[in-house]
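Based on the provided sequences and hints, a complete structural model is requested.
Residue numbers (the numbering used here), protein chains in the order written: chain A, 502 to 644; chain B, 15 to 187.
There could be a bad hint or two in this list.
Cβ pair distances, simulated, as ranges [what the hints assert, rightly or not]:
(1) A:Asp-536 - B:Arg-149: 36 to 42 Å
(2) B:Pro-162 - A:Leu-572: 25 to 31 Å
(3) A:Arg-503 - B:Glu-167: 49 to 55 Å
(4) A:Gly-636 - B:Arg-149: 21 to 27 Å
(5) B:Ala-136 - A:Asp-627: 41 to 47 Å
(6) B:Trp-98 - A:Asp-543: 28 to 34 Å
(7) B:Pro-162 - A:Ala-616: 31 to 37 Å
(8) A:Pro-527 - B:Ala-117: 51 to 57 Å
(9) B:Ala-105 - A:Asp-535: 26 to 32 Å
(10) B:Arg-157 - A:Gly-558: 41 to 47 Å
(11) A:Ala-538 - B:Ser-30: 29 to 35 Å
(12) A:Met-502 - B:Ala-168: 51 to 57 Å
(13) A:Asp-536 - B:Arg-142: 45 to 51 Å
Hints were generated in silico from the structure; no laboratory data involved. Ideal placement from N, C-alpha and C gives every residue a C-beta, glycine not left out.
Each chain is listed here by its residues.
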Amino acid sequence: MRWATRAGVHIDRAACAWLIRRHLDPDASFVFVDDPAEVPADATAFDMRGVELGHHGGDCSFETILRRYQLDDPVLWKLAELVHEADLDDERFDAPEARSLDVLLRGMSMTLDDARVLEVSGPLFDGLYEYWRRGLLLGREPA
Amino acid sequence: MPQSTVLPAGSARSGSLGRWVLLAYRLPREPSNPRVGVWRKLERLGVARLGDGLVALPADARTREQLDWLAEEILEASGAATVWLATPGSAAQERAIAAAMRAARAAEYRAVTDQALSAAGAGAMERRRTARRLRGELRRIARRDFFPPPEREAARAAVDALAVKPAVAEAGP
Chain A
502 MRWATRAGVH
512 IDRAACAWLI
522 RRHLDPDASF
532 VFVDDPAEVP
542 ADATAFDMRG
552 VELGHHGGDC
562 SFETILRRYQ
572 LDDPVLWKLA
582 ELVHEADLDD
592 ERFDAPEARS
602 LDVLLRGMSM
612 TLDDARVLEV
622 SGPLFDGLYE
632 YWRRGLLLGR
642 EPA
Chain B
15 MPQSTVLPAG
25 SARSGSLGRW
35 VLLAYRLPRE
45 PSNPRVGVWR
55 KLERLGVARL
65 GDGLVALPAD
75 ARTREQLDWL
85 AEEILEASGA
95 ATVWLATPGS
105 AAQERAIAAA
115 MRAARAAEYR
125 AVTDQALSAA
135 GAGAMERRRT
145 ARRLRGELRR
155 IARRDFFPPP
165 EREAARAAVD
175 ALAVKPAVAE
185 AGP
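This is the structure in structure tokens:
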């Protein structure tokens, strides 16, 4: 399936793309557009203004996708807190790692194109997922 | 090649005209919750208020996105909102807006400095706790500080001193 999002990806879009590929559509391909009008007819748009899979009711797009596709994996919801804070920084959650995640992704978007940002950030989200999976099993921060 | 265009915020300092992102919005008077929510978010972003329902920020990848999502939120609350990219009509105008934003941040930094100074005589635990809280506050202010005033360094120094220096009472014989 084709998915479309705004060019110049940052944390929310990179995390959504990872979520889509790992949990919704292993064969996902991504298109980056500058304007919502450029979204191809056969593509599902995410993290853009005016689309279903965007920010809604104070949620970032990552949280919206979890809700719309009824993904209730607690590890993904833990990651959602990080993504939410890195993206919105509204202190809804206590996620001190979010600041660094924001900086890492900002840096990547300065040196890499969008497709590469998704490639490079994918393993980062895999690692975060595994870290919090172990963390939730142990009930404390894993090492 | 990087795709996101990151425009230098604060070009008002150098004299050349910068690019700004503007949000023009209207919200119904009732219910008041969305109005208050939007107002708080705008305060947090440190916007320049250009008029009734018109706010501005120096344009960069982050500010553009923040105002875009805020516009979306206003539409969801049955309001009206449009986002614009603009250049001020004159350098003097831009300097005046930047000066007002700088003054607003300066007041926030001074409040932090005052709190740090008034905690300087407290016990070590209390000083560390206050330093931690004020560092969080400094981070929040810095994120909306597009034209850093000299008060920023003073505030940082006051908070750092709180974190490292032993209290006078404990340093005694």
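Which numbered conditions among the earlier hints are violated in the structure presented, ordered from lowest to highest?
2, 10
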